[in-house]
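Mind docking chains B, C and D on chain A? Use the hints.
4 protein chains.
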Amino acid sequence: MLTTNPFDDDKLREECGIFGASGVDGAAALVALGLHALQHRGQEAAGITSFDGDHFHTHRAMGLVGETFSQQNEEAIRALPGSVACGHVRYATTGETALRNVQPLFAELSEGGFAIAHNGNISNALRLRQELVRTGSIFQSTSDTETIIHLTARSNYDQLLYKFIDALKRVEGAYSLVCVTREGMIACRDPLGIRPLVLGRRGDAVIVASETVALDVAGAEFIREIEPGELIVVKGTEIESHRPFPPRAPRPCIFEYVYFSRPDSRAVSAGRSVYAVRKAIGAQLAMEAPVEADIVIPVPDSGTPAAIGYAQESGIPFELGIIRSHYMGRTFIQPTDEIRHEGVRLKHNANRDIVAGKRIVLIDDSIVRGTTSHKIVQMMRDAGATEVHMRIASPPTKNPCFYGVDTPEKAKLLAANKSLEQMTDHIKADSLAFISMDGLYKALGEAARGEEPSHCDACFSGEYPTTLTDQRDRETADQLALLEETEAAE
Amino acid sequence: MLTTNPFDDDKLREECGIFGASGVDGAAALVALGLHALQHRGQEAAGITSFDGDHFHTHRAMGLVGETFSQQNEEAIRALPGSVACGHVRYATTGETALRNVQPLFAELSEGGFAIAHNGNISNALRLRQELVRTGSIFQSTSDTETIIHLTARSNYDQLLYKFIDALKRVEGAYSLVCVTREGMIACRDPLGIRPLVLGRRGDAVIVASETVALDVAGAEFIREIEPGELIVVKGTEIESHRPFPPRAPRPCIFEYVYFSRPDSRAVSAGRSVYAVRKAIGAQLAMEAPVEADIVIPVPDSGTPAAIGYAQESGIPFELGIIRSHYMGRTFIQPTDEIRHEGVRLKHNANRDIVAGKRIVLIDDSIVRGTTSHKIVQMMRDAGATEVHMRIASPPTKNPCFYGVDTPEKAKLLAANKSLEQMTDHIKADSLAFISMDGLYKALGEAARGEEPSHCDACFSGEYPTTLTDQRDRETADQLALLEETEAAE
Amino acid sequence: MLTTNPFDDDKLREECGIFGASGVDGAAALVALGLHALQHRGQEAAGITSFDGDHFHTHRAMGLVGETFSQQNEEAIRALPGSVACGHVRYATTGETALRNVQPLFAELSEGGFAIAHNGNISNALRLRQELVRTGSIFQSTSDTETIIHLTARSNYDQLLYKFIDALKRVEGAYSLVCVTREGMIACRDPLGIRPLVLGRRGDAVIVASETVALDVAGAEFIREIEPGELIVVKGTEIESHRPFPPRAPRPCIFEYVYFSRPDSRAVSAGRSVYAVRKAIGAQLAMEAPVEADIVIPVPDSGTPAAIGYAQESGIPFELGIIRSHYMGRTFIQPTDEIRHEGVRLKHNANRDIVAGKRIVLIDDSIVRGTTSHKIVQMMRDAGATEVHMRIASPPTKNPCFYGVDTPEKAKLLAANKSLEQMTDHIKADSLAFISMDGLYKALGEAARGEEPSHCDACFSGEYPTTLTDQRDRETADQLALLEETEAAE
Amino acid sequence: MLTTNPFDDDKLREECGIFGASGVDGAAALVALGLHALQHRGQEAAGITSFDGDHFHTHRAMGLVGETFSQQNEEAIRALPGSVACGHVRYATTGETALRNVQPLFAELSEGGFAIAHNGNISNALRLRQELVRTGSIFQSTSDTETIIHLTARSNYDQLLYKFIDALKRVEGAYSLVCVTREGMIACRDPLGIRPLVLGRRGDAVIVASETVALDVAGAEFIREIEPGELIVVKGTEIESHRPFPPRAPRPCIFEYVYFSRPDSRAVSAGRSVYAVRKAIGAQLAMEAPVEADIVIPVPDSGTPAAIGYAQESGIPFELGIIRSHYMGRTFIQPTDEIRHEGVRLKHNANRDIVAGKRIVLIDDSIVRGTTSHKIVQMMRDAGATEVHMRIASPPTKNPCFYGVDTPEKAKLLAANKSLEQMTDHIKADSLAFISMDGLYKALGEAARGEEPSHCDACFSGEYPTTLTDQRDRETADQLALLEETEAAE
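Chains as they are written, first to last, in the UniProt record's numbering: chain A, 1 to 490; chain B, 1 to 490; chain C, 1 to 490; chain D, 1 to 490.
The shape of chain A in the complex, shown without the other chains (with noise of 0.2 Å):
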């Protein structure tokens, strides 16, 4: 009921979901799981690279984990024989929806096979890869993960873990990795730990996770994270961990909390579940934001904790006031245009019955372009609301992510160009509130937001932990452009 919102365009989109396992009997059948249970981080397109300590073997679809791997095609898990196996789902980003960049990666190096799943992004790929293909590598997608592989392949080490270590110390950004070589499982977390990965056991299997539902559903115990900067190396079930990074202060990823995780997730962090963060956060609102109102009603799904948190708080009573449908596929017919505006009813329907007459709270968890927002403001009216006061379990979202999350560009973020007033006109709510940054933090356990904060919060801050170098290159090719044209203009 409340995993997170898979088709909303009008949502940030968590790009990837990862897990591996080793040291268990037909390991790929235990990732189909792990990556079933991670499907709401990605729905586009599944892959799973095994090793059966002669052969690699890798099956990789568009589509949901339970199609690719269901049993009409059990043969596809038979097909991955092997005690391990990792293993990804992704969105496909527009126009890269080749199969060649649904993940595992894999490539045959000197040392033998290599499969690799990412979730992140990697803030310097563009760079590395002209570097690359100048000096002869012969890259097979478009991914900034395989920057990753060419770089192991040429590194001038002599094994293939240092080689594979020398890769990550030029690459920045955000990466939460599981490879699989002849000699094993490796898993490592980027330096500022920006992406989460966490580590379990089941009986002896060695698991690891985005998040910690994956370790429930396939029947393993949460042990702890793979910590900011770690590098565990895993023969069967052993574990032997590396720490090749200079320390720094981590930076999780704060939007995890907010949306992208399963509310049955740990948020590891904040040492308790994912939903009662939201719950909490939704509580915080109530405090920050109040109003007099007859019922709060959640935009489902990902906004249901939060309602459920401002409705104990306030004592207002939470209600059903829209129902979702989980049957969209991606798309759907295009009726005519007379029909076509209907369109949002499929998804979303007022559940007329409740809030006819009601002065209401709509909780939702983010404002990304406003669009949706707009929408069912107008379903509520519709359907006889008197009031309609919208709350945002977020601060307003005014930057990009260049951490693995698919953001539209700036010019598109609603907050990013609009104040608070001309936001509350443009959704046609009464009234429109954000939870504060320090509330946020404070739903988080923390006092406030504090100086070096606790978490990656660049999305509502601006402020990026790591240099940008692509982003960077991608600005003063602009800037220059722009010279030119003016200097062509003058």
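The hints are simulated quantities; they were obtained by calculation from the structure and are not laboratory data. We treat Cβ as the ideally placed atom computed from N, Cα and C, and that holds for glycine. It is possible that part of the hints are untrue.
To spell it out: a stretch of chain D is covered by chain C in this simulated footprint if at least three of its residues, at any positions, have a beta carbon under 8 Å from a beta carbon of chain C; those stretches are [what the hints assert, rightly or not]: (1) 31–42; (2) 60–66; (3) 210–218; (4) 266–278.
Cut-off 20 Å, straight-line C-alpha distance, at most; resulting in silico cross-link-like pairs (SDA-like, lysine to any residue) [unchecked claim]: (5) B:Lys375 with A:Glu221; (6) B:Lys442 with B:His242; (7) D:Lys375 with C:Glu221; (8) C:Lys375 with C:His348; (9) D:Lys235 with D:Ala61; (10) C:Lys418 with C:Arg369.
Just chains B, C and D now, with coordinates in the frame of chain A:
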């Protein structure tokens, strides 16, 4: 969020949803929207037949509406021109998944094409079929619906409408039907009105649908029910009402309110939304079967409205203690035996942080075989619940349905074979209670059940409102077989 | 090398081939072999129905036998268990490519399943269909064959065999049939024996097939023809012969020898191979229409045996002056207009080295529309031929076939609309000659055609040996329409 | 009729055909036509890459050209815009049917896209690959062709053309190549010209193709061969010729004339058509190995021209005593064991009427394993032949080819392991004769073979014209393994 539970093999399953549109260009696109809104009534197959004034066009396929009639298959809709169309969503019954059973069924009769979409079950279909085959009719499918077509084709009346009515007079059981002929659209409902059917208008266009939510999604206004025993003929935007059957007291299916209908549909006979009825059931249950506990947890999604009602009535906080994944395909990998039993978590996972150390009230809509209940109680205990009190939003399900609902045979219905105490023991709950029969009618706004109940509640009471010819024939055959066996043994 | 020309749109096309096997385990595998050998009689679709003593099994698909029943689809054969089976290959007629028209057709009659495979054409099918539909029969296909099934189902006789014979007595036209029922296999041939059907044995197993080549490939021995008007009932390995029709002088299709049958099939009525008949036609043609030339060139593959006969009789060397590609799919790319006219070379290409500077005799089996002949003559001239003399191994094709051959309407038959001189001019040959009608019968070993010819040669002579009810109805309707138009115009 | 034998597993198989077009709108459509004409050189997969001035477009698929680039897939061609394109047809080697091995291979180099289509075999590819992988290159396929791409990418030259030439200088073996780059088309042939490549013009457009028949079908005029060791660069319609290698005496493959090439292709070095060469071989064979017989029968299709030559020289009549089906798919049903051995008749069937009672000369192009010859001799005897004299249109095939032909290992070559007498016995013929080596060269118009033969005839003579590095490495490894075993055993 609250649509019915599509893939649970421990639920009764509605077999079909139907939708028709007349008097609007591109009627098929509207039908596709409507069927999408009725997807919870059948996910295995979908079909649409349109008539363009000259030709009939049909597209039927296994899979979801949004897959069959999506943008990728935009031609599917373009290939269905015309201003009148009807459609159908269905479950496939075991062994009968063949496309030839997918509706609308279509036949070329002497008066021209005849398409029919059916929700319900003809309870003398087998006997009629035997007679028709003996005299030379050739069946294309194993569907009971085809019997109606052959009876129509073989009728001695000389107009299609009268032939069709002649056919209906020979069938018994439950049927809501939408047909398309060269003359227009016909919609009708059996004399007892067992299955639902509502009438709406979108501008001038005439819409019929299994539930009001389909009117909402198709942008149509709810006008009224098609009444039990009513048959309407729609030519363009004109509606003609017929009453071909002797009047009887209606008996609409009560389980529609408990489970089948979407919560945002209107419970027509009760004068409010299905959601409101379910909340009322929950509140009634709180009064009938109170318990001292810390939190109320729904089994999502179907238990959620009743849980909200229970929580509001009892004052115990409502919490999402179970998180449901909506990415389930129909089937999933069959991992090794060791991994298999984890399967239940693919769909439902405990929200441990909330559950641990709590006394919980667990609300579900019904218990059929009892297999899921057992697992979910266990899951709650594994997550640390100190007490688990199960409360069921319907009376015990003791009898199979012969009116279009896929029920297991009586021997597999938990409540048909065990006392309350035994059931409590079986699912390993600390306590178990079902709403009373009178309580259920109270939630519908009536004083009590009454001698001549206002609804069909045969699955609870065993009082079937029609003759069950095929079932009687089957029992006679079984008894004869038994007799012969006994005699042979002597 | 010499199988008939599958993809030439300028050829008459046999519509079907049939094959049945009884009294052998895995009968369906044998049927698949036989159908493969009959592939030249229909390449668009193939199907097999088997009966295993309890159930009927059918698999039908568009495409070649070797695709549908190949190793990749080994389950296709495994899914067709039983010791009796029948099969069919067919062309799809325009607009009717639908799978529901692919044979064997199957119906559940009151006596049990009934599968039927048909080669030929029922010439009063439309009139019978109208009557059947008017009285309540519902057709599943647009196939004339289905008429036979409905007549069988509606017959008042009380055994399936008599019902079937009763049905056959009502149909007119051409039919060779193989049926499978719960009782066994039935095979029969219309009273005139227009389409072929032969009987063979593979050990004890009984085989029936359209041509003897299918017996060869299935490892069976040729026994005899099923005789015109004969119906055999095969139970296991026992054969029972019936003669349900009044005796008539047979009229097997003469075009089988000219073009349809494989050259390695036995021309039963002529007492030798089809290849030998074609060679004799070529020799006769050399006597009737000699010409001074350097080489004899066949239009491959169908013209080859006659070309060898022509060369041997005339003493002019036989040479492969045209090379044919056998990789043609049904359709091919539509390149730009400039490129398109090269299309003919996709199938036939001149062997320039041989042709250049030569006077050539070009041998083809028939001229239908004349489009290919024109192109091939031009191709020969482009390759440097100094003279091109066309010789045709059949008399002018002036009339459509109503007995199961796909012929263009009369207005499109070149010989129906042009004199020999005009035809010569049209195809731009230096000379053109057809074998004489008597010459054709001579090649079959008869003295001349005779008053009551031994074969159906309606496509040449216009003498149809049966009533053509549907065709007469069509002409009457056209005349009435014309009359009305004329009257309206006055 | 006479195209090479596609599906015979008892034939040597050419591995590829290539085609390129430059300077014509819609170049890809022309390439599709050309590949269709080269289909006999490889039926398993086909691919085309085009360049439209901005982007490269590639479509590759398993299956026939006419399936992949047919009308049904018209978009396949439309999706390949541009005025320059190259294409490839290929056999898939066992275990390597993967799409990633289908050509053209494509890579993004630092100078932009680079597509390459290759006919031949690089005989030091493995050694080069090991070195490249060791220094960081990542291979996408198992194809030897990819080695050329990586060598190009890693070359220190600074222009793509020079990098490519630099790469070619490091490879040994046989290669005819067509490449497309941002600059235009490059075509070249190894220094010995082992595999063929011809140059044509269609108007101004420049065409290169494996055989002249592809020029015919694409409507182009034959200009000349690309000469051994020549590399041409084509920009639009301009041709620039380079000679990057030291000159050597050419050694084109002689088996092209015996079997691989289509009979309507020009045998460039012999100055006439392949058909004429094959007829001359047949005539020479009649002189070298005459026999008293009644008829000459080809094993169709590849034996047919030699049979015509044999018949004309000997005066014994040519007859089609074996009929071949062209509907064979790659594989076919595996019927029961009893049925299986009939399999050979699926492709070849005796024309009994012609064969019975005759002394026959059977002409085939070559004997590889001897399995088919054995079956066909038996088939002739079963059909009543009184004597069967086998005549083979090539010398005994005693050695594997390492230049792009799929040969069985030496141990499986009949002629490598048996004397003529043993072979005659093995195939159970009354007599057996092969053309002499000198006779073969005579048929090409030379006096005899000569010390430095004009063609590569290694499959007959064992004289390989190049170093075979990988083969030598393999043998060394085998010897070392043997040595170790021997030592271990002591």
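Mind checking, does the stretch 31–42 of chain D have 3 or more residues with a CB under 8 Å from chain C? Holds: 6 residues of the stretch 31–42 of chain D have a Cβ under 8 Å from chain C.
8 Å C-beta test of the stretch 266–278 of chain D against chain C, three or more residues: holds (count 5)
Are D:Lys375 and C:Glu221 close enough, with their CA atoms no more than 20 Å apart? holds (19 Å)
Would the hint linking D:Lys235 and D:Ala61 be met if the CA-CA limit is 20 Å? violated (28 Å)
Given pair status - B:His242, B:Lys442, alpha carbons within 20 Å: Violated, at about 33 Å.
For the pair we were handed, B:Lys375 and A:Glu221, check the Cα-Cα distance against 20 Å. holds (19 Å)
Cut-off 8 Å, C-beta pairs, minimum 3 residues; does the coverage of the stretch 60–66 of chain D by chain C stand? With 3 residues in contact (Cβ-Cβ under 8 Å with chain C), the coverage given for the stretch 60–66 of chain D holds.
Compare the distance between the alpha carbons of C:Lys418 and C:Arg369 with 20 Å, and conclude whether the hinted pair is satisfied. holds (11 Å)
Between C:Lys375 and C:His348, is the straight-line Cα distance small enough, at 20 Å or below? holds (10 Å)
If you look at each residue in the stretch 210–218 of chain D, do at least three have a Cβ nearer than 8 Å to any Cβ of chain C? holds (count 4)
Hint check: violations occur at hints 6, 9; the rest are consistent with the structure.
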